[in-house]
Structures are given as structure tokens and as C-alpha cells.
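S.K.: Residue numbers (our numbering), protein chains in the order written: chain F, 1 to 189; chain G, 190 to 338.
What the simulated footprint calls covered on chain G by chain F, stretch by stretch (three residues with Cβ under 8 Å from a Cβ of chain F suffice, anywhere in the stretch; the number is not a length): (1) 200-207; (2) 211-223; (3) 234-242.
Derived pair list, reagent style SDA-like, types lysine to any residue, alpha-carbon separation capped at 25 Å: (4) K12/F - R42/F; (5) K183/F - S215/G; (6) K180/F - L125/F; (7) K180/F - E216/G; (8) K241/G - P52/F; (9) K16/F - A211/G; (10) K5/F - P52/F; (11) K50/F - W271/G; (12) K5/F - E227/G; (13) K16/F - W148/F; (14) K188/F - N202/G; (15) K242/G - F10/F; (16) K188/F - E204/G; (17) K188/F - S215/G; (18) K242/G - E4/F; (19) K188/F - R201/G; (20) K12/F - W70/F; (21) K180/F - L212/G; (22) K188/F - T218/G; (23) K5/F - K242/G; (24) K180/F - E150/F; (25) K16/F - D69/F.
From the structure, some residues in chain G lie toward chain F, with a derived Cβ separation under 10 Å: (26) S226; (27) R228; (28) L229; (29) R230; (30) A231.
For the record, the hints were derived by calculation from the structure and aren't laboratory data. Predicted, not measured: the structure shown is a model, and the values here were computed from it. Heads up, the beta-carbon is just placed ideally off N, CA and C, and yes, glycines get one too.
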Amino acid sequence: MATEKELSDFLKSVEKRAFKRALYHVRNEESALDIVQDSMMRLSEHYGDKPPAELPMLFQRILSNCTLDWFRRQKTHNALFSSMADFEGNADDGGDFDLLEAWNGPEGGEQAQSAQDQAERGQVLRDIELEIQELPPRQREAFLMRYWEEMDVAETAAAMGCSEGSVKTHCFRAIQALSKALKARGIKL
Amino acid sequence: MNDHSYPPSNERNAEHFARSVALRLSEGTQQLPYDISERLRASRMQALARRKKPVAIMHAAGSVHRAGHSAVLGTGPQGMGWWQSLLSAVPVLALLAGLVVIQMDLDETGILEVAEVDAALLADDLPPAAYSDPGFVQFLKTTDSHQAH
Chain F
1 MATEKELSDF LKSVEKRAFK RALYHVRNEE SALDIVQDSM MRLSEHYGDK PPAELPMLFQ
61 RILSNCTLDW FRRQKTHNAL FSSMADFEGN ADDGGDFDLL EAWNGPEGGE QAQSAQDQAE
121 RGQVLRDIEL EIQELPPRQR EAFLMRYWEE MDVAETAAAM GCSEGSVKTH CFRAIQALSK
181 ALKARGIKL
Chain G
190 MNDHSYPPSN ERNAEHFARS VALRLSEGTQ QLPYDISERL RASRMQALAR RKKPVAIMHA
250 AGSVHRAGHS AVLGTGPQGM GWWQSLLSAV PVLALLAGLV VIQMDLDETG ILEVAEVDAA
310 LLADDLPPAA YSDPGFVQFL KTTDSHQAH
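In isolation and in its complexed conformation, chain F is listed as follows (with noise of 0.2 Å):
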């Protein structure tokens, strides 16, 4: 049985991680802290008594389901499948989501390469985000629970409630699809 601090512990491991994929689904961060505060309600207030090994599949499984409901409500099927110039569009107007904003660290004399490192590190993880943003909803989210959560394939089943072949296969083509993307930007990791 999970106590507080073990729980709270656990949430703090996930928290930014879980913001990060809603926001990968939903690309607005109001919505995706809002999924991810929904996310940790209903951990705490329906499983805050379960064992701390069962919370990250607890967890990854009501994250998805948050998810699927915010789309449900807002109605926005759409936004899934939105253009990648429509999100650049709302980028540059201002900005929910730059990242490299944060990058934009001190400038001149000896940190001056390093700066630039930063920014070029910046750079290739907007753009790795952006990839990941255009992958399949089911390919993006067997991806990230897979390595990003480092869960095995059968617990991302689980979580996913499919199979096992089906995660393969969906982790299988989210990595070419990225793997291509990120070749034809001159993203060598």
C-alpha cells in the first residue's frame, strides 16, 4: 500500500513526462496540464491506496484515458490530424510552446560556444518533438510508453489494451517514420 510520500513521490517522477506527452496530443499546454492534474486526481483519489508497483501502469493507463476524453469533449478529432503549418502557425503567434526560449541562455565571451551548443541541442529537440507530434496517435503513444517510460512490451499492451504484436508493430513504424523524418532534417542522433 502506497503511502503519501511514495505517492507523491511517484507523481513527481512522472509529472513533466506526462505533461510533455499530453501536450504531444493535444499541442496546447493549458489542455495538457489540465489532463495531467485530471490524470493525478483519479490516481490519488480512486488507487491512492494501491501498492507503488502498480502505480506507473495505473498511471500511463489513466493519462491515455484523459487524454481520449479531452478529445471526446472538445470534439477535436481534428487536431490530431492538423497540418504541421497550422501548429508552426500558432507557434509563431506567440508562443504557447517554444522551447527554445529556454535555450536562449547568457551570451558572449567563453560561454559563447557552448550558448550556441545549447541552442543547437535546443533546436534538434523542437525538432524531434515536432516529429514525434506528427507521428499516429497509437504509434506515438506505444513509442513513448515503450522507451520513453521504459515499460516492457507487454505492460504497454496492457496499458494500451492491445496486444503485444500490435505495440511491436506500432513502436516498429513510429521509429522508421522517425528515423526518416529526422534523417531528412539532418538530425543524426
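Starting from the known structure of chain F, arrange chain G on it as the hints suggest.
M.R.: Frame of chain F, contents of chain G only:
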């Protein structure tokens, strides 16, 4: 469905590529803006405040079970519920025992009354067979009517 089976070297490359992407994404989460981090923290606190507390719920359920016998006899929650049911059966058992004792007492009282009548009949000068004699019954009735007049 075999399109996800890589040749061994490709599989390693794919795994390595995926891990590299995940590593970059993790680096990105460390650079979240302050306001986002704070809102996530606030959400976490709010969620923790609503945490399901198993112990408190068990106590609450226990009090409900103690509130009345009919509720107590129902199937309770796991763990303590078994003991609660067992303890709640004590008053019912006491009631049943009381009824048995009362019944035994009534039976004994009836036996004693019959025994007294028998003893009176046997101790009397009149033989018991006289009560089954129709002439003697008639004699008693006429005697009673004379006394009434």
C-alpha cells in the same frame, strides 16, 4: 504482422535510436518553464490532498457496522469485517439462549403443577377412580346445587 521483426543488427540500431530519442526528450523535460513546473507541483499537492486513505475508510465502515444489528449481519468488508460479523452475532446468540431458558422454565412449571394435582389426588381419601364414576359425578353436581340454594 511480421513487419515489426527486424534483422538482429537493425533491431539493435532501432533500439539504440529509440533510446537516443527518449534521452533527448528527457533532457527537454528538465527545461520546463517555471510556471509550468509550479502548476504541476500545485496539481500534485491537490491530488495528494484527495488521496484515498484506506485506514480511514475501514474505520468509517466499522462504525456503520456497529450502528445496528441488521447492518452488522450483512456481509462486511474484508479483514476486520469477519470479526465484526462474529462479534455482532453475540447478541443474537444471547437472545436465542434466553428463549431456550424461558421455554425450559415454562416446561418445568407445567410439570410441577401437574405433579401437585397428582399428589393431591393420591393424598386425598377419595380414590382417583371415583372421578371416572358417573354416579359420583352426578352426586357432586347435586351437592353443589343444594349448597347454592
